[in-house]
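Trainee: The residues making up each chain are set out below.
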Amino acid sequence: MGKWRILAVVLLLFLLTGCAGTAPEPDYAPEDEERLVLYTSHKKEVWWPIVKEFETRTGVWVEVVEGGTNELLERLDKEQDAPQADVMFGGGVESLESYRDLFAPYTCAEADAILPQYRAQDDIWTPFSSLPVVFVYNPKLVRAGEITTWRDLLDPTWKGKIAFADPSVSGSSYTALVTMLCAVEGEADDILRAFAENLDGKQLESSGAVLSYVAGGQAVVGVTLEETASRRIAAGDELAMVYPADGTSCVPDGCAILNGAPHADNARAFVDFTVSRDVQQLIQEQFCRRSVRSDLEPAGELPSFGRIAQVDYDVSLASESRESVLMSWAFYQETEETP
Amino acid sequence: MKQLRFSSFRQRLNAAFLAVSLVPVLLCSALLLQIFRLRMTADQQQNAEQQLDGACHALFSMQEGLQEAAITIGGSETVLGALSGGWENSASVYSALYDATEDVRRFARFELYDAEGTLMYATQTVHGAQTLPVSWGILKEAADRDTIVYSASIDPTDLDAPVLRGAVRLTRDGQTAGFLVAAFYETQLRAMFDSLAGAQNEILLMDGFWRGVYCSQQAQVQTLSYALRGQLLHGKALTGLSDNFVYTARQDEATGLFLVLQQPQVFTRGTLRLLYTVSALCALGGVAVSIALSLRLSRQMFQPIGTLHRAITQVGKNDLEVQVPVQEGQCDELGELAQQFNGMVLSLRRNQQALLENQQALNDAQIRMMQAQLNPHFLCNTLDTMKWISKINQVPQVALMSTNLADILRFCISPDEFVELRQELAILGRYVEIQRIRLSDSFTFAQDVPEGLLSCLVPKMMLQPLAENAILHGLSGVQDGRLTVTARESDGVLEICVLDNGCGFPAEMLGPYQAPEQQTGHLGLFNVDTILRKHYGESFGLRLGNRKDGAGACITARLPMRRRDADAAGAGC
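Protein chains in written order, with the working numbering: chain A, 1 to 339; chain B, 1 to 573.
One or more of the hints may lead you astray.
Claimed, not checked - The calculated lysine-lysine pairs, modelled on DSSO-like cross-linking and capped at a C-alpha distance of 30 Å, are:
| id | chain 1 | residue 1 | chain 2 | residue 2 |
| --- | --- | --- | --- | --- |
| 1 | B | K140 | A | K44 |
| 2 | A | K44 | A | K3 |
| 3 | B | K140 | A | K43 |
| 4 | A | K43 | B | K317 |
| 5 | A | K140 | A | K159 |
| 6 | B | K460 | B | K387 |
| 7 | A | K52 | B | K236 |
| 8 | A | K52 | B | K387 |
| 9 | A | K202 | A | K159 |
| 10 | A | K78 | A | K140 |
| 11 | B | K460 | B | K534 |
| 12 | B | K317 | B | K534 |
| 13 | A | K78 | A | K43 |
| 14 | B | K236 | A | K44 |
| 15 | B | K236 | A | K78 |
| 16 | A | K52 | A | K78 |
Honestly, the hints are just simulated from the structure, not real lab data.
Full structure from sequences and hints, please.
Mentor: Pasting the structure below:
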């Protein structure tokens, strides 16, 4: 047995010398209570200043995971049993609504300052910015006042000249479609068929392409979000924006706290921060977004909230009837393509 | 443990050789590798600490300068007055600004903002935005903290904007009068850090939340800081980020900024693989040498042992002729062992020889004893006397018998051990004559011996017991008995047969003569057989048989053909 004891001592020495090789590094990693994990579908230019300011003000380290809205929501759905994320930041509230089981209701600190129209019934999500649906047109091809209502889009004059993104791909395009159904009087199926016919089989792959099509003259009018349109206009594109006179929807995007979030306190602080006056002002001034707060008037040339005609848009209903509307839409697209 | 026990000593020897060659090599190379690695790592760490010390020192002196400038400007009524909205001579404000920032202007551009965040004065032209928000970002932080605060640029790759800003609030009567902002550009930070890191090292400057500010390799500032932040947040070692680099982090106490030094890994996988390969090759070489040596040594050792082993087995089988070859000049233990073994076998052989000779002598003595069972001279003289008395008294049968008996006795006591067959037959004739008188001529005697065989030598008195046996047992009670002696030679063996026409031997006695279990008076055949076997060897002796041409027994004595010496034989002719 003596032999084995010597061997063991030698091995032990090896281990000891091996361990001594790595001097302990000072640990700069933040404590668990100083962390927040954020899943966001916003672009970096949007989330980055907000996250940076949040870090500076609270001392909380934010770990950001970027991705598309649906991608992140599906991921959250998979992680349901052991949530990695604390907050889902971004995505239309309709999308958040359809995954409502994932989220925990939270009434943010400044809930009273938020326009009641934007708030979820049970505060399952908290709105971030209001995104009215607008028309953009190419002022070289269309005179002002020629297109002002949703009904105008059904006018055969514009057949094949309307830029509209595929609503099954683009969430904002689906919102626009439902807004149209709310605004135009008549049977939903008739409206869908008439609009599908007027598109003449042209559906764009993404909502971003709508503006390029209109600015490039490939289409004379397009349907998009106020935020997207005003940014392009601010960037110098020759486009004009009009709010539908027969009413538009102002569906916000939002953020929500995960059920069983590992850092729930920080998550709540972050949600409070997103609707704080500072952030809301920033998104109005920097990102051409419309605030959800009642005490902030839109910056620049955007009309104030009261001057926009609105339809009665039901987020939960839109979320629930998504499949049936898209089915009918796809059906009319098909019949249009095979005359 | 059981698997490690080798049944053969040779295997144990080989295993020991292997262990002795392999273990030190492996142990040595592992230790060397470990020590080398530790040493290199320690050197590298020391190097990193020195460089980081340098960088921290640079940041510290910058911070000092900034603080001094802030104090100077904060105490300048000219500046504070101008920022608070009072009309001042802008030249005197600039002059105060330049004076205060003289020592640190090489690091940054200095800007003065009023309490609303509007840029009022700057040491260099400012392109782009002329305001900073006071409710957001660095000015808010500066207003909240009342120390110099630092903020990284939103996009550190945008070289037109400052990558880092440092700001401090200026107060007048407890109210915010404005802000002094130092805007650091990438080129200025490069000038500050460039000479501090070694040629192959990179230095990375990050803010308090590990967002990249500056990297000596500008393109990496964002990716590297993002990756390092990920490692930090996931609780992994920074060095685990890449196989090729070692990272050392340090927080600068003065500014709260983080510095990370990236050094190339001394022990890359390639180097380690090379070192392991060299160690493995060394070990292989050691194994090869040890195998060769152990094979050679064990062959030297076990070949003689094997030879000895085989020789001992031979001796065990009673072969004493065996000898182990001893190589010339082999004077080691094995050589000695072989020589001793040879000596032992030799003395064993000698002992056996002596034993054999003793036995022979004993046998001879016994034969002589048997031959001397009668005291012949006395009997001879008595018989001669009897012969003359019977002749005087005219009893011819007694005279004949005593003559014959005397001849037989004389023949018996003659010193010769071996006699010619001729003589033997003559004496047998005398004996038969006596018996015929005794038994009233109840049988006849004939001999049929070729002339050439009469000169053969046979043991003296060999035939008499055979004839006696035939007369007393074979012919007893037989009318007209016939006793015949024949001789013939085959393959150098002389066969002498004594035939009778009596009842013959019982079947169980046929074949080579077998000594009866108890010696009961009938010693004649036993003695003859013993004499023949002792003289000539075990293959000779008596054979009992029955005649094939009729009734009667046939005793055959087998013995080798021998004659007198050559000259005696020649004289005979």
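Trainee: Look at each hint and say if it fits the structure.
Mentor: Going down the list of hints, with the structure as the test:
1. K140/B to K44/A: holds (22 Å)
2. K44/A to K3/A: violated (64 Å)
3. K140/B to K43/A: holds (25 Å)
4. K43/A to K317/B: With Cα atoms ~101 Å apart, K43/A and K317/B exceed 30 Å; violated.
5. K140/A to K159/A: holds (18 Å)
6. K460/B to K387/B: holds (25 Å)
7. K52/A to K236/B: Within the cut-off at roughly 23 Å; holds.
8. K52/A to K387/B: violated (164 Å)
9. K202/A to K159/A: holds (10 Å)
10. K78/A to K140/A: Violated. K78/A to K140/A sits at ~49 Å, over the 30 Å cutoff.
11. K460/B to K534/B: holds (14 Å)
12. K317/B to K534/B: holds (26 Å)
13. K78/A to K43/A: Holds: K78/A and K43/A sit about 23 Å apart, inside 30 Å.
14. K236/B to K44/A: Holds. K236/B to K44/A sits at ~25 Å (cutoff 30 Å).
15. K236/B to K78/A: Within the cut-off at roughly 25 Å; holds.
16. K52/A to K78/A: Answer holds: K52/A to K78/A is near 29 Å, not above 30 Å.
Checked against the numbered hints given earlier, this structure breaks hints 2, 4, 8 and 10; the rest are met.
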